[in-house]
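**Student:** If you want the building blocks of each chain, they are given just below.
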Amino acid sequence: MERLSLNESPANAQQQPQQGAQQNHNALGPAGQGPTPGPPQLPPQMFTTAAQLLDLTDKKLVLVLRDGRKLIGVLRSWDQFANLVFQDTIERIYAGNLYAEISRGIFIVRGENVLLLGEVDLDREDDLPPGITKAPYDEVWELKKQEDDKRKTSDKKRDRELQTMGFEPEHSGEILF
Amino acid sequence: MADNEDTGAPVAEPLDLGRLHVSITSAREPRHAIPPPDRTTTTQAYDSHCNLVLGDVEETIYVVDEDDETEENLRTIKKQEEMLFVRG
Amino acid sequence: MLFFSFFKTLTNQTVTIELKNDIRIRGILKSVDQYLNIKLDDVEVLELVKYPHLSAVKNMFIRGSVVRYVILPRSEVDVGLLEDATRREAANQAGKAR
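Chains as they are written, first to last, in this note's numbering: chain A, 4 to 180; chain B, 767 to 854; chain C, 8 to 105.
In short, the hints are calculated from the structure, not lab data. No residue lacks a Cβ here, since even glycine has one placed at the ideal position from N, Cα and C. Check the hints yourself; a few may be wrong.
Stated by the list, open to error - Far from chain C, some chain A residues (derived; all Cβ distances over 10 Å): (1) Thr51; (2) Gln55; (3) Asp91; (4) Arg95; (5) Asp129; (6) Asp130; (7) Pro132; (8) Leu146; (9) Lys148; (10) Asp152; (11) Ser157; (12) Asp158; (13) Gln166.
As the list claims (entries may be wrong) - Distance condition first, Cα-Cα at most 25 Å in a straight line; then the derived SDA-like pairs of lysine to any residue: (14) A:Lys148 / A:Leu125; (15) A:Lys155 / B:Cys816; (16) C:Lys65 / A:Lys155; (17) C:Lys103 / C:Arg81; (18) A:Lys155 / A:Thr167; (19) C:Lys65 / A:Thr167; (20) A:Lys62 / A:Ile109; (21) C:Lys57 / B:Thr826; (22) C:Lys27 / A:Ile96; (23) A:Lys137 / A:Leu125; (24) C:Lys15 / B:Val830; (25) C:Lys37 / B:Tyr828; (26) C:Lys57 / A:Thr167.
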């Protein structure tokens with residue numbers, strides 16, 4: 004795994020074998036490249052997960068998980084299942100017109116929990132929609148909890164109503180937002 | 767996924783499906799349904815995972831509105847699309 | 008592989024993707040893979056006010072499994088070709104099953 008030369012923290016390195024994407028990295032990864040690789044030398048017709056994620060490697064990304072969590076960090080490694088390693092991750096929570104951040108460190112995310120990855124436009128990253136302001140974490144977390152509870156109650160009501168019409172909910176709120 | 771209301775005629779040709787009324791209700795997505803519409807919706811493509819491409823689709827979304835915690839109103843939103851890929 | 012090939016023919020077209028959590032994202036389809044994971048460029052999130060965390064995002068990797076719909080530009084779809092491909096795919100599947 005040549006890519007571990009990217010003066011990473013050891014925690015990241017140790018987890019590497021779990022990712023099981025050696026072939027991909029060897030075939031497609033910029034082996035031994037510095038932290039800011041140039042544009043990947045791939046033909047545009049490489050329609051593989053590897054090619055898609057390669058473009059995003061070592062960039063600052065927003066990672067949205069299936070449970071609604073929003074993580075912002077640098078994508079360092081991945082495999083064909085979109086299992087991911089994120090470095091210098093912060094978690095952002097939003098509630099009402101407030102948001103808060105908390106530092107989380109390194110993440111290894113199992114691919115099935117990934118909803119989407121968005122590349123942050125560094126020129127615009129501080130432009131939040133108007134009216135949204137930063138607040139202390141505890142305060143926003145409390146507010147978010149209230150919002151989540153409220154939504155859960157109304158989702159339950161909705162499901163009950165829809166069940167009378169024959170719509171059968173298989174799970175309640177697995178994909179939250 | 768597709769119900770053949772016409773007869774019990776077997777679906778011999780793959781795109782015979784396209785001539786059926788396509789009616790989709792999803793267990794996972796209870797609010798979203800693509801009901802048998804005015805016989806215009808066609809199945810353009812499908813595969814073994816039940817991924818579909820449909821033409822001239824009308825989607826009906828069922829929304830439950832709440833008034834003051836007690837009263838619940840069911841309303842529907844309809845959306846039209848010319849062509850739609852539906853994940854199986 | 009039918010839809011994988013199909014989406015490949017739609018690269019560089021503008022599509023709108025609706026996710027299973029109701030987010031709708033419009034963008035230029037840049038790439039797709041065998042799981043129907045999708046890369047979008049120049050993304051525009053509809054109802055952005057509801058999803059502030061996506062406000063500074065310029066391109067996106069969307070995991071295929073969370074897609075509900077992809078709204079396609081009808082004018083760019085060769086319906087005849089698509090139906091033919093479906094017949095072939097179905098015939099293949101039937102052959103395999105036997």
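**Student:** State for each hint whether it applies.
**Tutor:** Hints, one by one, checked against the model:
{"no.": "1", "hint": "Thr51", "verdict": "violated (5 Å)"}
{"no.": "2", "hint": "Gln55", "verdict": "violated (5 Å)"}
{"no.": "3", "hint": "Asp91", "verdict": "holds (17 Å)"}
{"no.": "4", "hint": "Arg95", "verdict": "violated (6 Å)"}
{"no.": "5", "hint": "Asp129", "verdict": "violated (8 Å)"}
{"no.": "6", "hint": "Asp130", "verdict": "violated (6 Å)"}
{"no.": "7", "hint": "Pro132", "verdict": "violated (5 Å)"}
{"no.": "8", "hint": "Leu146", "verdict": "holds (14 Å)"}
{"no.": "9", "hint": "Lys148", "verdict": "holds (18 Å)"}
{"no.": "10", "hint": "Asp152", "verdict": "holds (18 Å)"}
{"no.": "11", "hint": "Ser157", "verdict": "holds (15 Å)"}
{"no.": "12", "hint": "Asp158", "verdict": "holds (12 Å)"}
{"no.": "13", "hint": "Gln166", "verdict": "holds (19 Å)"}
{"no.": "14", "hint": "A:Lys148 / A:Leu125", "verdict": "violated (30 Å)"}
{"no.": "15", "hint": "A:Lys155 / B:Cys816", "verdict": "violated (30 Å)"}
{"no.": "16", "hint": "C:Lys65 / A:Lys155", "verdict": "violated (32 Å)"}
{"no.": "17", "hint": "C:Lys103 / C:Arg81", "verdict": "violated (32 Å)"}
{"no.": "18", "hint": "A:Lys155 / A:Thr167", "verdict": "holds (19 Å)"}
{"no.": "19", "hint": "C:Lys65 / A:Thr167", "verdict": "violated (42 Å)"}
{"no.": "20", "hint": "A:Lys62 / A:Ile109", "verdict": "holds (15 Å)"}
{"no.": "21", "hint": "C:Lys57 / B:Thr826", "verdict": "holds (22 Å)"}
{"no.": "22", "hint": "C:Lys27 / A:Ile96", "verdict": "holds (20 Å)"}
{"no.": "23", "hint": "A:Lys137 / A:Leu125", "verdict": "holds (19 Å)"}
{"no.": "24", "hint": "C:Lys15 / B:Val830", "verdict": "violated (38 Å)"}
{"no.": "25", "hint": "C:Lys37 / B:Tyr828", "verdict": "violated (33 Å)"}
{"no.": "26", "hint": "C:Lys57 / A:Thr167", "verdict": "violated (30 Å)"}
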